[in-house]
Every structure is written in structure tokens, then in C-alpha cells.
Amino acid sequence: DTAVSQTPKYLVTQMGNDKSIKCEQNLGHDTMYWYKQDSKKFLKIMFSYNNKELIINETVPNRFSPKSPDKAHLNLHINSLELGDSAVYFCASSQGAGSGNTIYFGEGSWLTVV
Amino acid sequence: GENVEQHPSTLSVQEGDSAVIKCTYSDSASNYFPWYKQELGKRPQLIIDIRSNVGEKKDQRIAVTLNKTAKHFSLHITETQPEDSAVYFCAASKANFGNEKLTFGTGTRLTIIP
Numbered sequence: 001d002t003a004v005s006q007t008p009k010y011l012v013t014q015m016g017n018d019k020s021i022k023c024e025q026n027l028g029h030d031t032m033y034w035y036k037q038d039s040k041k042f043l044k045i046m047f048s049y050n051n052k053e054l055i056i057n058e059t060v061p062n063r064f065s066p067k068s069p070d071k072a073h074l075n076l077h078i079n080s081l082e083l084g085d086s087a088v089y090f091c092a093s094s095q096g097a098g099s100g101n102t103i104y105f106g107e108g109s110w111l112t113v114v
Numbered sequence: 001g002e003n004v005e006q007h008p009s010t011l012s013v014q015e016g017d018s019a020v021i022k023c024t025y026s027d028s029a030s031n032y033f034p035w036y037k038q039e040l041g042k043r044p045q046l047i048i049d050i051r052s053n054v055g056e057k058k059d060q061r062i063a064v065t066l067n068k069t070a071k072h073f074s075l076h077i078t079e080t081q082p083e084d085s086a087v088y089f090c091a092a093s094k095a096n097f098g099n100e101k102l103t104f105g106t107g108t109r110l111t112i113i114p
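Line by line, the protein sequences are chains P and U.
Take 1 as the starting number for the first sequence in the working numbering and just add one per residue.
Take 1 as the starting number for the second sequence in the working numbering and just add one per residue.
Chain P with its partners taken away, still in its complex shape (with noise of 0.2 Å):
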């Protein structure tokens, strides 16, 4: 059973176009993030949702926009995607708002902007 699950695994899509990552987690958290890793390995957040509502907004183009549904769900939805934003974006989860939690990361969703 995956605890935090993001599809899709790997996207190759070219420049301009819109897409989407969707998240998952059946932990029972109240708490999810986007986080952003770049090719030399840099982990960033990105954003951060505590039930349904958001608590950090990054230094973030405004191309790139967070829904959440419900404390279950976090996805991401990129527009007119850059070859900068090619990476690696994890979605994650932890129990409680606060940072002193552990917090549980999907497997990634590979980016590639061509």
C-alpha cells in the first residue's frame, strides 16, 4: 500500500504546454507539500497545505498553482512550462502542521521540458 502516491511517474512534454501532477495519501495527515528537486540534487519546498488550506507559498512562479480538495489530495498544475522548470517535483505529507514532523515522501514525478 503506498502512503504518499503522485502520477504521473515520468512526463516529457515541450515548452508552453500546461500539466498537471496529481497527489495522494492515505496516512491520514493533515498536512501536504510540494517540494522541487533540481538536477544538482537541491530539495526545495514549494508549497505546503494543512487541511485544505494554504500555510507556505515559496518563492513560486505564479505559473505554478496548488489545489487541494480535500486533506487527502495535492496536486500541482504547471501552465506554460519553461525548460527551467524541467525536475524532479515530490509530493509529501506529515501529520500536524508544524515542522518538527516527519514527513513522508512519494516516489517523484519526473518533469522533462524540451
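One or more of the hints may lead you astray.
Dumping the calculated DSBU-like pairs for lysine-lysine here, alpha-carbon to alpha-carbon at most 35 Å [as the list claims (entries may be wrong)]:
no.	chain 1	residue 1	chain 2	residue 2
1	P	K52	U	K101
2	U	K68	P	K22
3	U	K68	P	K9
4	P	K40	U	K101
5	U	K22	P	K40
6	P	K36	P	K67
7	P	K19	U	K22
8	P	K9	U	K42
9	U	K71	P	K40
10	U	K57	P	K36
11	P	K44	U	K94
12	U	K42	P	K44
13	P	K71	U	K57
14	P	K40	U	K58
15	U	K68	P	K40
16	U	K71	P	K19
17	U	K57	P	K67
18	P	K40	P	K9
19	U	K42	P	K19
Bear in mind the hints are in silico, worked out from the structure with no lab data behind them.
Keep in mind it's a predicted model, so treat the numbers as computed, not measured.
Based on the hints, put chain U in the right spot on chain P.
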């Protein structure tokens, strides 16, 4: 905001030897310091964490030490094995603050030489 520096960026050790990875943080209010391990092509996973009320924590072959005065913490892996080869990330945060994020270090690629 918090800044976490991690050294070295790459580390190769002979199987059976010890490995040490060091991190420094900037915000003296940070009180939660986890370490995540990311195997090639996989998700990051928590391996050990420490809170600011203790100076050392051990779990079998891995241990973490914290020096609050100097604002640095270290991961120690003893009797290294091939399966320890991975990228290791340290992180820091002010736990229990709802809008505080976990700030990751830049990662250390550890290679165990058989």
C-alpha cells in the same frame, strides 16, 4: 530565514570505515534537525532526527550529534555497508510553528567502496 550548509558534497569511504557528514545552521531558534537518505532514483526517507533538548542520538550504526552553541550537527555512520551509498540531506526547522518550513542542506553523495 534559515540557511543550512552541508559538507562535504561528495564522500567516498571504504566499506567498514566510518563516514561523517556535517551541517551548520544560521537560525539559533531552530530546534529540530532531521536527516534524510535518498537512494538513487528513490524518494528521500527519514533515517534519524534530533531535537535541541539532546546532544546525541543513536540508532544502530547511525548517530547524530548536535552542538547548539556552535549551531552545527553531524551524522555519523559506522561500519559502512554498500547499501549506505546514497545522497544524505540534513535539515533544520523551528518545530511546532505552523508556518515554519523545513530547510534542507544541499546534500552529500556518499559512496561506499567495496
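### Query
Does the structure keep K68 of chain U and K9 of chain P at a Cα separation of 35 Å or less?
Roughly 40 Å separates the two Cα atoms, so the pair is violated.
### Task
Below or equal to 35 Å on CA atoms is what counts here, so check K40 of chain P against K9 of chain P.
holds (19 Å)
### Task
Take the C-alpha atoms of K40 of chain P and K58 of chain U, compute the straight-line distance between them, and say whether it is at most 35 Å.
holds (30 Å)
#### Entry: Proposed proximity, K22 of chain P with K68 of chain U (alpha carbon, max 35 Å)
The hint is violated at about 40 Å.
### Query
Given the hinted pair K42 of chain U and K19 of chain P, is their alpha-carbon gap at most 35 Å?
The hint holds at about 23 Å.
### Message
Given the hinted pair K71 of chain U and K19 of chain P, is their Cα-Cα distance within 35 Å?
### Response
violated (41 Å)
### Query
Is the Cα-Cα distance between K44 of chain P and K94 of chain U 35 Å or less?
Given pair K44 of chain P, K94 of chain U holds - Cα atoms ~17 Å apart, limit 35 Å.
### Query
When you check the alpha-carbon spacing of K40 of chain P and K101 of chain U, does it fall within 35 Å?
holds (21 Å)
### Message
Need the status of pair K57 of chain U, K67 of chain P: alpha-carbon distance at most 35 Å?
### Response
violated (38 Å)
### Query
Does the alpha-carbon distance linking K42 of chain U and K44 of chain P stay inside the 35 Å limit?
Holds, at roughly 16 Å.
### Query
Taken at face value, is the distance from the CA of K22 of chain U to the CA of K19 of chain P at most 35 Å?
violated (38 Å)
### Query
Does K36 of chain P pair with K67 of chain P here, judged by a C-alpha cut-off of 35 Å?
Holds - the C-alpha atoms of K67 of chain P and K36 of chain P are around 16 Å apart, at most 35 Å.
In summary, the structure is inconsistent with hints 2, 3, 7, 16, 17 from the numbered list given earlier, while agreeing with the others.
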